[in-house]
Amino acid sequence: MPSNYYDSDATELVETYDFLMKYIVIGEAGTGKSCLLHHFTHNSFKDHSQHTIGVEFSSRTVRLGEKRIKLQLWDTAGQERFRSVTRSYYRGAAGAILVYDITNRESFINLSRWLADARTLASPNLVVVLVGNKSDREDDREVEWAEASRWAAENDVHFLEASSLTGENVEAPFLMAARAILLAIESGTLDPEKAGSGVSYGDRALRRVNSSSRLSFGSLSGSARRKGGAVKLKVKNWIPGSKCC
Amino acid sequence: MASATSSPRRPSASAQSESSQSDRRTVSATQSRNPVSQRLSKVLGTNFDNEDTRQALRTLSDLYAIPRGKEVHIVVDDGDDELGQESFETPLPAPTIVLVESVPGESAARARKNLRRDMETQLAEGSRKFLQALGEVDAKLCELQINVAAMRSSCDEAETQLALTNESSKLLLERAGSLRDERQEVEDKKSIISLFLARFTLSEAEIDALTSREVPIGQRFFQAMDKTERIREDCRVLMAGEDGSTRAGLEIMASTSSHLEQGYEKILRYCSTEFRNLGRDSQLEVSPGIKEAILRLRKRPELLTEALTILSETRQATLLSSFIAALTRGGPSGYPRPIELHAHDPLRYVGDMLAWVHQAIAAEREFLESIFSLKSDGRMVGSVRNAPQSEEEDWMRELMDLAVGKLCVPLKLRVQQTVRSQESSIVSYKIANLLQFYLMTMRRTIGEQALLSSTLKEITDIAYRVFYDSIETQSLALARSRFDHDDPSLTPPHVILDHAQILREVMQVYQSSLLGDEDEDEINAGINQVLDIMIDPVVQMCITNSEEKAKLRPRWDGQVFILNCLCYLQGVLAAFDFTTQKQKDLQTILNKRAKVLTDEHRDSILRDAGLWEITEAIVHHAGEEPLSRIPAAQPADLQRSLKNFSAWLSGLEVVQSPRLSQLIIQKMHTRIHQDALARLAQTYRRICEEVKNPANRYEAAATLLGSERPFGQVHLLWQIFGLEEREREEESESEDDESDGDDSDGSGSGKEGSEE
Ligand SMILES: Nc1nc2c(ncn2[C@@H]2O[C@H](COP(=O)(O)OP(=O)(O)OP(=O)(O)O)[C@@H](O)[C@H]2O)c(=O)[nH]1
Ligand SMILES: [Mg+2]
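The listed protein sequences derive, respectively, from chains W and D. Quick note on numbering: the first sequence equals residues 1 to 245 in full-length UniProt numbering. Quick note on numbering: the second sequence equals residues 1 to 756 in full-length UniProt numbering.
Hint data in this document are derived by calculation from the structure and do not stem from the laboratory. One should not assume that every hint holds.
[As the list claims (entries may be wrong)] Here are some chain W residues pointing at chain D (derived, C-beta under 8 Å): (1) I53; (2) G54; (3) Y89; (4) R91; (5) N104; (6) R105; (7) A148; (8) W151.
[Unchecked claim] One side only, chain D facing chain W, incomplete, derived with CB under 7 Å: (9) G351; (10) D352; (11) A355; (12) A362; (13) L490; (14) P493; (15) S512; (16) L515.
[Unchecked claim] Chain W is nowhere near these chain D residues, computed Cβ spacing over 12 Å in every case: (17) Q38; (18) D49; (19) T160; (20) Y349; (21) D394; (22) Q416; (23) Y468; (24) H485; (25) Q511; (26) D517; (27) H620; (28) P631; (29) P635; (30) W648; (31) K692.
All residues carry an ideal CB built from backbone N, CA and C; glycine is no exception.
All chains should be built: construct the whole structure from the sequences, respecting the hints.
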């Protein structure tokens, strides 16, 4: 019956969000970008993953504290021949998930090139999270955690290791980036109202409703936190109710 | 106050009197015989202390009571009064009596004196009063009797009346009963009707929700809509029954229909307003109200169409202005930079535009999916869609087509400009391939029929045409050019190297544009035109041009030059798998040219080896005359030839040919040279056979042959040449031709060429 559609908590049934963010997923071919994204959006490992042709789009809404954030995700091809295509998608991205393969040193060595590209082509406030993928293959490791961590610190990007196979830490990079972006908005360095920031607000009217019905959102975020037990990310610095909403 | 029974220490009065009575009985027992004493004791024993006596005394006392009044002065103290109770002889309270006792006890004395009389008087008086009263009673009773009689008659009358009335009210009662039944019936009907009405009509509030502009679209409205729909559905079911359509049914249908339509109109108005006011934002979120409204409007396709038309108009305008803004202005703060800022970098410019459109399509699709309440299937935009074609899909496709279609004009204009202004054929080719890539992507995303797809097809075709035109112009210019006749070198000239370099780059671009899912025919088809344009005229020009030059410059080795050029081109092709067809074609030409050179080389070797004349003689020898009689084959000539041959065998030319060493492909040199040597060996064998043939009448043939190396031993010659012995020349030659066609020899040599 369509009328069910419209009951009191209909706003929770339909996908609403407070922010919309554009992310790009970049890195050498075969590092597992598509698998990482697939696990993030489908919660399962992507079998028989083929090289990505050009770019592919997917989206998912996540909760961070009381905020619902819709992520527009652009999975790019790592193969050199698609560079000219994929680079056009960096434009106006708010977040970049930079992926290397811990079992492939080459993919780590080339990170600087990827990062430089992203920094010049995406939005100036681009938040980058470095992901060392395939952490399940410890035996074949060619890049030490400490080394990557050092590189991340030197280049001012967030860092963690993940496995698209086991699902370990698969959500964390996306949430990490979202959190950093929200913090940037809060501190005023990023303005969602500006086109090209890679972030925009959700429906204004809904936002008004949401802010007045904090309780229902509180309960939602409560369940999210419970479910998010696997996510190794503590949402503690984020203070809700600040001027961004 | 303690009661007598509850205080045992104080004997009650009655107990005391009992004990005194028993005392007296003891006395009387002693004198029981004496009647006087008995009487006396009886009198004495009489106890007046009982209620009757008291009552009698009180009566008396009342009778003689001293009346109390104002005018009467009674000087009696309370003590007297108490005493007076015992001395009941107080004078009668007759009004005539002087009431004041002058002497104490006076009235008592008087009372005692007059008691009898007084009593009698009193009695008489009482009796008289009694009689009088009874008389009155009698009279009243008589009256009562009369009344009773009257009453009886009235009662009888009333009873008759009552009976009558009863009779008549029975009818009334019956009527009342039936009326009551009727009323019940009516009431039942009424409740049924009101239930019916509640079920089959809309309340004021509901009508209001449907029709009034005051009530916003929301839960209340949608519930009213639901009810209206349900009423109509129920009504239709009822009317489909045996009774057929009733007036009520028709009326209900009529009124609900009007309300329903007003409701739908209201939804339409709502959607129209909402759609018109959709933010100029390219990132959209859809309110639940809109989703519900669109779900509802699906039952009114014409209204849905109207609403979606408005939506489409807004989206078209919004997308177009966003696109123009992205192109010319960039973000408000300049970030990201306007796309046109990179117009000087054609690939980036075109790529950025197309990527913008692609991303807009993704966002638009998400927006439309939420408008139509479609759950995103997690399918990625850009990947192949094989979803069943639902009505919503059709709508979405059309809306996407329209929204994105508006971008075609500015897009086409800019891409065309960029494409046309390219001078480098490589860049043109890259742009064309990029366009082709997006054409494929868009076809998968918004369908082949979409305006954007056909526009992209158009621009892609233009880009390819521009590219083909440019390489054609280039090839033709090359074909028209003449080699420098003063240049003695036999290696491919610069014009060809440059041309080949462009070809190589084009093929590299093509290779990287392959997605890996094409079959071989598709792959070849994609490049064949390029190869035809870039190879054929050049090959042709190479051959004719060289022959021309060779004529003017006989010392310049045109054959070697042609082979060098062709091998070089072959080498360029051989680096790419998709050129096999062209390689084959080229190889055929190459083989032909190689054969010419091989023939020339065989002859020249034969000459150099000194066997030319004798061979000629053998070949042309016919008829009866023995060979030994033919000039040039006579034993002395033969002897000389064999001697020359022997000398040649110790020379360098056996290993390599100075002429062939000009070939850039060493392998080709070897092959041609070995061919010539093989033929030489076969020729030598033939000479031996002919010499040994008795018909040719050579004397001491064996000695003749054995005088010079290789002493008539053919196999020795093969050994010297380092070759496998071949049987017959003709056969091996034809074999050679065949194998050359698909032999790896050519491409093998080509590969060597590419490495140089
Ligand atoms: N063991 C293991 N294998 C993985 C993991 N992630 C990806 N792979 C494998 O790595 C290969 C490449 O994965 P993709 O996701 O297609 O790589 P990609 O980065 O998208 O490659 P491109 O699209 O060409 O840029 C696949 O064979 C995956 O099965 C992981 O976490 N663990
Ligand atoms: Mg991929």
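Can you name, in rising order, the numbers of the hints this structure does not satisfy? When the structure is compared with the hints, numbers 5, 6, 7, 8, 13, 14, 20, 25, 26 turn out to be violated.
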